[in-house]
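> One line per chain: the protein sequences are H and V, in this order.
Each residue of the first sequence is one higher than the one before, counting from 1 in the working numbering.
Each residue of the second sequence is one higher than the one before, counting from 1 in the working numbering.
By construction, these hints were calculated from the structure, which means they are not laboratory data.
All values reported here derive from a predicted model rather than from experimental measurement.
Straight-line Cα separation of at most 20 Å, DMTMM-like style, residue types lysine to aspartate or glutamate; simulated pairs:
1. V:119 - H:62
2. H:118 - V:123
3. V:119 - H:176
Here chain H is said to cover these stretches of chain V; the calculated rule only asks that three of the stretch's residues, wherever they fall, bring their Cβ under 8 Å from a Cβ of chain H:
4. 121 to 127
5. 135 to 147
All C-beta atoms in this analysis are idealised placements derived from N, C-alpha and C, irrespective of residue type, glycine included.
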Amino acid sequence: MNAMSRDTALVRITDLHKGYGPNIRVLRGLNIEMKPGERVVVIGPSGGGKSTLLRVVMGLEEIQGGAITFAGQPYISADGRKTRIDTEVRKKIGMVFQHYTLFPHLSVLQNLTLAPCKVVGEPRAKAEERGRAILARFGLEAKADAYPSQLSGGQKQRVAIARALMLDPQLMLFDEVTSALDPELVAEVEQVILNLAAQGMPMMMVTHDMWFARNVASRVIFCAGGVVVEDGPPEQVLGDPKEERTREFIDRVFHIKG
Amino acid sequence: MDYTLDIGAVTRNLEPLFQGLAVTLQLTVAANIIGITAGFGLALLVLSRFAVLRVPAMLFVEFFRCTPAIVQIVWFFYCVPMLFNVFLGPVTMGILALGMNLTAFNAEAYRAAIQAVPKEHLDAGIALGLSPTQRVLNIVLPQALRASVPVLLTNGIGTFQQSALVAIVGVQDLMYQGKTLATQTYRPIETFTIIALFYLAVSFPVSQIVGYLERRRGLAVR
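Generate coordinates for the entire structure from the input sequences, incorporating the hints supplied.
Written as structure tokens, this is what we have:
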């Protein structure tokens with residue numbers, strides 16, 4: 001790595017402003033610096049801008065102010081009324097959504113090979129070989145030729161993760177990927193993410209599952225009212241929050257546990 | 001009622017009925033070729049960002065959706081030759097009138113199917129790095145076209161049935177031949193019953209296929 005004056009952050013979010021329409025402001029000057037290898041879990045009350053933050057980082061949203069750099073390169077910026085997104089940088093980021101979003105007209109393997117073949121121009125045979133290898137790693141090799149409608153929610157979500165990994169992302173975003181799953185299917189998806197974490201994949205995720213957050217995160221960010229309220233290691237933010245708002249939120253989440 | 005059925009009066013004269021059926025099928029197939037292709041193009045115009053393209057396309061669709069087919073056909077047959085000085089054979093005129101009607105309805109089918117593709121799939125396409133064109137070609141259209149097939153078939157079979165309307169402007173289709181035969185034989189009950197069975201024999205299998213496709217699709221989407 002060329003250290004000189006290079007930005008050491010993987011993702012640097014500066015003064016991010018994002019709203020929907022003139023009256024709804026979701027992100028109000030949010031700053032995050034994510035270092036390489038970090039696994040950031042974003043928690044917070046609903047409406048606090050967590051999912052919006054992930055969608056902005058994925059380049060799915062217009063922003064009204066601020067900028068994001070990725071590995072030192074300019075990635076997203078608000079340029080007057082227009083949002084400038086570097087689509088080449090965007091290709092280095094993968095995302096998995098709450099509702100699977102597998103393409104129903106394509107088989108599992110075709111879901112995996114679509115982007116490598118179309119975007120990167122990888123030969124089909126090679127993409128299929130890689131696809132089958134990833135599916136095997138996820139225990140899904142028997143499902144390569146199945147269609148999404150034939151899979152359980154947990155299997156669909158694992159395929160969605162495999163599909164994102166086909167492009168060798170340098171950052172993975174997980175937006176409440178277990179929220180739509182039946183409880184007994186959550187673990188198999190979380191296990192895949194934990195395995196990725198163990199391999200050092202940088203990730204940023206939104207989850208309501210605090211036990212999972214504690215296990216996977218190297219850093220927890222509590223986001224409310226469109227800004228970062230608290231930011232620190234999981235034991236501290238989840239176990240002994242400094243900020244009153246974080247404490248209230250954590251208490252409410254863990255209340256039922258007594 | 002003192003009426004003895006004489007099916008033989010019709011069965012002895014099946015040849016004109018088959019000729020009429022051939023014309024009806026010709027009208028149906030040609031109108032469907034127009035409707036399936038032009039309907040798709042029209043749907044793209046209806047969905048266009050540009051009002052110059054969108055507004056006329058929407059007006060075209062609404063005109064055909066909001067007027068009776070029989071009025072459209074009569075208007076077309078009488079007004080087009082007078083207004084535009086265009087004189088075409090009755091079958092060609094029938095094809096164009098039915099085809100334009102079907103184009104409007106199929107455009108709605110395509111539009112609805114395109115808009116029914118979940119927005120999340122497009123987000124996923126962006127996250128996978130697909131360009132806007134690649135997203136349309138690989139994500140939107142394959143799903144939308146599949147979803148629109150049952151509606152296109154239903155519309156197509158509707159046009160088959162509606163084609164009977166062109167009999168009133170002198171196209172020698174199945175209905176026209178039936179009317180002629182009924183007048184000649186004084187056997188309206190037998191003739192029109194058999195005519196109805198002719199239409200049923202074609203429509204019924206297609207509607208069964210539509211039902212099958214919809215059931216299969218219902219399973220696939222779940």
